[in-house]
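In terms of this note's numbering, the sequence shown opens at residue 1 and continues consecutively.
Since the hints were derived computationally from the structure, they do not count as laboratory data.
Note that the structure is a prediction, hence the values are computed from the model and not measured.
Don't take every hint at face value.
Computed cross-link-like contacts, PhoX-like style, restricted to lysine-lysine with a CA-CA straight-line distance of at most 20 Å [unchecked claim]:
id	residue 1	residue 2
1	K583	K619
2	K1011	K868
3	K130	K83
4	K619	K826
Pairwise CB distance ranges (calculated) [what the hints assert, rightly or not]:
id	residue 1	residue 2	range
5	E628	E812	56 to 62 Å
6	E717	K511	19 to 25 Å
7	I845	D645	32 to 38 Å
8	I845	E550	43 to 49 Å
Just so you know, even glycine gets a beta-carbon here, dropped at the ideal spot from N, CA and C.
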Amino acid sequence: MARSGRRRRDRMRWSNLYTFSCFRAQHGHAGDAGPSSDGAGAVGGPGFSRVVYCNNAALQKPLKYVTNYITTTKYNIITFFPKAIFEQFRRVANLYFLLTAILSLTPVCPFSAVSMIAPLAFVVGLSMMKEGLEDWRRFIQDMKVNNRKVSVHKGDGEFDYRHWKDLCVGDVVRVEKDQFFPADLLLLSSSYEDGICYVETMNLDGETNLKVKRSLEVTLPLEEDESFKDFQAVIRCEDPNPSLYTFTGNFEYERQVYALDPSQILLRDSKLRNTAFIYGVVIFTGHDSKVMQNSTESPSKRSRIEKKMDLIIYILFTVLVLISIISSVGFAVRIKFDLPNWWYLQPQKSNKLDDPSRPALSGIFHLITALILYGYLIPISLYVSIELVKVLQAHFINQDIHMFDEETGNTAQARTSNLNEELGQVHTILSDKTGTLTCNQMDFLKCSIAGVSYGVGSSEVELAAAKQMASGADDHDIPLQDIWEENNEDEIELVEGVTFSVGNNRKPSIKGFSFQDDRLRQGNWTKEPNSSTILLFFRILALCHTAIPEINEATGSIAYEAESPDEGAFLVAAREFGFEFFKRTQSSVFVREKHTSSEGTIEREFKILNLLEFNSKRKRMTVILQDEDGQILLFCKGADSIIFDRLAKNGRMYEVDTTRHLNEYGEAGLRTLALSYRVLDESEYSSWNAEFLKAKTSIGPDRELQLERVSELIERELILVGATAVEDKLQKGVPQCIDRLAQAGLKIWVLTGDKMETAINIGYACSLLRQGMKQICLSIPTGEQVAQDAKKVAKESLLSQIANGSQMVKLEKDPDAAFALVIDGKALAFALEDDMKHMFLNLAIECASVICCRVSPKQKALVTRLVKEGIGQTTLAVGDGANDVGMIQEADIGVGISGVEGMQAVMASDFSISQFRFLERLLVVHGHWCYKRIAQMICYFFYKNIAFGLTIFYFEAFAGFSGQSVYDDWFMLLFNVVLTSLPVISLGVFEQDVSSEICLQFPALYQQGPKNLFFDWYRILGWMGNGLYSSLAIFFLNLCIFYDQAIHAGGQTADMAAVGTAMFTCIIWAVNMQIALTMSHFTWIQHLFVWGSITTWYIFILAYGMTLRSRDNYQILLEVLGPAPIYWAATLLVTAACNIPYLIHISYQRSCKPLDHHVIQEIKYLKKDVEDQTMWKRERSKARQKTKIGFTARVDAKIKQIKGKLHKKGPSLTIHTVS
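Use the sequences and the hints to build the structure in full.
This is the structure in structure tokens:
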């Protein structure tokens, strides 16, 4: 396993280029006053007690740090049974049935023990099996991670492969290119000469741009396997903590002490990129690593409907206890006063159950009997039916072809079926950005050079606005998907004489480059009046960056590894314009220039003198270089507001025109940057560079402030060249999805690890932000962070910002005004503290959209918890990386996207989809259906069991509280299991108030879920009242009809068996007719189950009556009730009496106070959607929640802008686009 030690030929010392983040500080010796790193003096104190003996297992082992084995499961072999049992008996109904199962072993039970224990064991066992299967999948994923292999130093300079789970603190590992880091490591050396390596932290913070890490200079000689033979060192550092962006520690090596900072730390689950290999020593393993410190335990989630159902069970249990007490008191009274006179009922042997001398004791025993007898008020089949229905609902979600991604072959997956109905009650969505909303691709679309706008292509926003105007759909009458569909016409006519041209004949697009304008292509730019300025523009694109070219040896093509997608798009654009960046060395960049198609290619070298990198505070990047003529040039690109403030008086020639173009690009949803330059005198540069090097090599907390001050000295007197406009390629359908979700009344928050500027640009791209929206930005100024009382000052500053923002919202008089809240991670850390979080949340609620930037995984989870607990509504979190796991687990519903960032988010999620756009269908269609199905199903369940169970109580009261049931035991056992189970299951699985197409066309229907219209107390108590009324009607009508009425011509009257069978027949008819009236959508399955259940009852009673086991019910149908017309008449009368009130209620509601779906059902039934398009469009327009975000709101603004242009320019205006 020995390595030759040869490094790549282009030995680059990248630390010479970087100014802010990649600086190698001077380190003190052991005898110095202390570590040079700020905060390192705390090492050894509380919270900084970790000691790592590098490459010395003998000293490290006694410290007993955790292993590198990780687990994300909810259970293990030991805890599965007790925890799963606890989960099952959190359901109050299961507790009741457990009690009745225990009591069934006593003589007081009116039923056999097997009939009580078996159903409970079946229900609980089935649910536990489901929980175990879901957790087993998590276990399998954990094992895949734990069994990955990495090269580890085993001694004597030899390395061998070992499983991740076997790594220990202090081990030296070698990680190859494109491998994940197995634990938190201290970087010792890399394949680069000066220990630089590139790291992709997508799984940690969601960012795709590469981070630069660097080793200490003292460990640079450790460049090959053999050099670790005698390597020994000690690391003293902070204890395990979740902070991804901080690290404090000391490195003791060869009797010297060196300060450590985050730039030397490689975090678990980040990936090595653009570096052949690195050596590192393990500091934190397993659950001590920072990514695992940011994770939370897999929670046990229950839907709000299920929690509310428990409350209803409590109410029914209270009713059960109450009527049982009434029954036991009545029984005790009868035993004491009447039993002695009933000589024909005297027991042969006296017992405790009916002893007249001890009526109180008999009443107590009868109470237990009554509690079991009236248990049909709380049916055990409710949970079985709901579990079955949810599994079938999940199956239909999994099989939905409209959520199938052809590119990946993935379908939607309901990874748990417990939360199906929660999908229909979501109030707030908290979304990750990278990989969730975006596909990390920028397209160069337009540019402004020397005051002239180039690029005839139009963005998606412009195209959609033009299509909508052309259709005359100012009120959004056309479906949004129609706006986004590929246009097959060459031009769109906006109004008479004004066209919107569509370039369908353009060449196939190049990834990252959708620019179309022949004025700049094929060297035609040399013919433009300002060709010298255009030349500068292209050179700035090709030279002002930190990217690395990678040449494909097979094809010769060049790919760029850039720190941001924007840089990659600029380099592709420069190449297409004839300025190809192809090589970078330590001190130079090389560009191939081809000015015209007839000229040959010229290779030019530009020496890099300084690079002032981009950060969120500077909002600009500058490179100072020297061309082949010795001229020193400063190229600067950045936010237009920053660049414009630094322009020279003679550099503002194009400012007015460029500003106008920037505004147009912004309105079109494009990301913009301004480009500028400056020519430096050699003396001026030399003087500045000396001061810059002094600031660069300084040590102390104000180093960055000094660097910023010096940078300001040179980044001035700039000359404006132009501006770029790139289109951020969102995932397919993201703007449409967000627009539909906004119209459905959902609030959307974006939580991202990206910089504030990137997040804001994405907000514009997906229409969470738009022109004219007032932004409230919360951040902690840098100057206050280094103050002595930094925390206090920062909190006061943030409190002031929140108060000012809240005041701004309150004083706003324009009802259409929209506010957006943007907050960075440092400010969020304070905003989430107990004394401030409610103020922050109140401000956020008032804003149309909220974007949180630079947030850690832990902060994502904390924000999710704050929203969930503070708003008190259902929250949904969606993400695709390991950094989103905490957020996904904390939310009421977690949705994982099976994208490019691995499967961590999917494994922790409740539902998984392959594209963000499928979230629309998952919520607006399946969520809406599942909520209404489960709500109606539960309400109906309580209705039918109240209607059935109370008749048992009425008869017992009528029969002297004797404990006698009017129904045969088999009738009672089959009532929930066979005779009424299938119709209610079909209701829960197949019911559709409207079709999926209507759900998408009328997104406001979704608000029935968050408003809980179908499971509020009004509706629940209404169904309970309906059950109470039906029980009274069934019992007393049958009693009046059969009490002293002859049922046969011979004068025979009905006995208890006949009356009980007749009452039971009425119950079967009444409850099945009720569910038929409840259903809105019938298929052959519903017809089969509803009418089949009624038929099954007659088949059963016919067959049961032929057996000797039927006892009093022998031939009950053929000989007793069948030949009696009064039996059939009573069935018809009682069924009608039970269902006519509901029919009257629903008729009144549909006629006088219809719900949204009632109106749509009537329109569809009368086919008005076909015959009267105007009315149909008007109803569709009404069925959208008024929203201030989303594509619809943005198109409105664009339409106003286009109309304004039409009024000014008339029919001469032509707008071009590229499809």
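Evaluation of the provided hints:
no. : hint                      : verdict
1   : K583 <-> K619             : violated (26 Å)
2   : K1011 <-> K868            : holds (16 Å)
3   : K130 <-> K83              : holds (14 Å)
4   : K619 <-> K826             : holds (18 Å)
5   : E628 <-> E812: 56 to 62 Å : holds (57 Å)
6   : E717 <-> K511: 19 to 25 Å : violated (38 Å)
7   : I845 <-> D645: 32 to 38 Å : holds (35 Å)
8   : I845 <-> E550: 43 to 49 Å : holds (47 Å)
In terms of the numbered hints stated before, the structure departs from hints 1, 6, listed from lowest to highest.
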